[in-house]
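Enquirer: Here are the chains, one letter per residue:
2 protein chains.
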Amino acid sequence: MYVVNFKEREETPVEFANSKNVMMRWLIGRRTGAKTYAMRHFDIKPGGIIPLHTHSEEHEIFVLEGEAKVLSDVEGLVAKKDDVVFVPSEMPHGYDNTEGTKSFRFICVIPLLDQE
Amino acid sequence: MYVVNFKEREETPVEFANSKNVMMRWLIGRRTGAKTYAMRHFDIKPGGIIPLHTHSEEHEIFVLEGEAKVLSDVEGLVAKKDDVVFVPSEMPHGYDNTEGTKSFRFICVIPLLDQE
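For the protein sequence lines, the chains are A and B, in the order given. Under the working numbering, think of the first position of the first sequence as 117, with each following residue one higher. Under the working numbering, think of the first position of the second sequence as 117, with each following residue one higher.
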């Protein structure tokens, strides 16, 4: 059992899928107790983007701050504070804050990966 | 893939462990896409409490609003907005907002249960 402010977790730049201006923290990962799923924090800065990409792991997301376009097979999706986003396995997805004026921050829960 | 405001999910009172003044929503459950873990939203109102209880499912929690005492084997724990709480399997835990003046709200991710 522990309680920790999310800002105490190390923040590192996101580089996959040609992401730009995105920072990530592992809040609860394998080394901090997670058994089968991990909780991460993403901060997509104004002007930032995680381009469309695809993988087998599903995402369970809760938006903490801001607003961004959700890239997917569905046109016109937008996610904002207090929204829940579910990305099924193998569904193309991404988040575009290139026209935003503040950070788009969210919690993303993902099945545990070997490289985590 | 979907995007939904958390308030669109049905809210029901929490009754386990003699909880008082606590409301819960299944944000992402088995019927809405979850495969191995589910995301719920809890709102412990001022004067509310989830008393100390124990179960095998671990919790991965992110606090959205407010502050509450965290009941556990550890004395004096408090969780507040932007805190991450990890509750391991079989660890006694609870949340006490009986002296609070505003809601203590958090996201809680849990392995999927048959009854969900």
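Simulated from the structure, these hints should not be mistaken for lab results. Treat the numbers as computed from the prediction; the structure is a model and nothing was measured. Just so you know, not all the hints are guaranteed correct.
Just so you know, same-sequence chains aren't split out, so a pair can sit in one copy or run between any two.
Said to hold, decoys possible - List time: in silico DSS-like cross-link candidates among lysine-lysine, alpha-carbon distance up to 30 Å: (1) Lys218 to Lys151; (2) Lys123 to Lys185; (3) Lys185 to Lys136; (4) Lys196 to Lys123; (5) Lys161 to Lys185; (6) Lys136 to Lys161; (7) Lys196 to Lys161.
Enquirer: Given a CA cutoff of 30 Å, do Lys136 and Lys161 count as a within-copy pair, a between-copy pair, both, or neither?
Expert: Intra 9 Å, inter 40 Å, cutoff 30 Å: intra-copy only.
Enquirer: Could you place Lys123 and Lys185 in one of the four classes (within, between, both, neither) given a Cα distance threshold of 30 Å?
Expert: both (25 Å within a copy, 20 Å between copies)
Enquirer: Within a copy, between copies, both or neither: which one fits Lys161 and Lys185 at a CA-CA cutoff of 30 Å?
Expert: Close inside one copy (13 Å), not across copies (33 Å); limit 30 Å.
Enquirer: When no copy is named, should Lys185 and Lys136 be tagged within, between, both, or neither for a Cα gap of at most 30 Å?
Expert: This pair counts as within: shortest intra-copy Cα distance 15 Å, inter-copy 39 Å.
Enquirer: How would you label the pair Lys196, Lys123 (within, between, both, or neither) given a Cα cut-off of 30 Å?
Expert: both (21 Å within a copy, 13 Å between copies)
Enquirer: Are the CA atoms of Lys218 and Lys151 at most 30 Å apart within a copy, between copies, both, or neither?
Expert: Classified as neither: same-chain Cα gap 33 Å, cross-chain 32 Å, threshold 30 Å.
Enquirer: When no copy is named, should Lys196 and Lys161 be tagged within, between, both, or neither for a Cα gap of at most 30 Å?
Expert: both (14 Å within a copy, 24 Å between copies)
Checked against the numbered hints given earlier, the structure breaks only hint 1 and satisfies all the rest.
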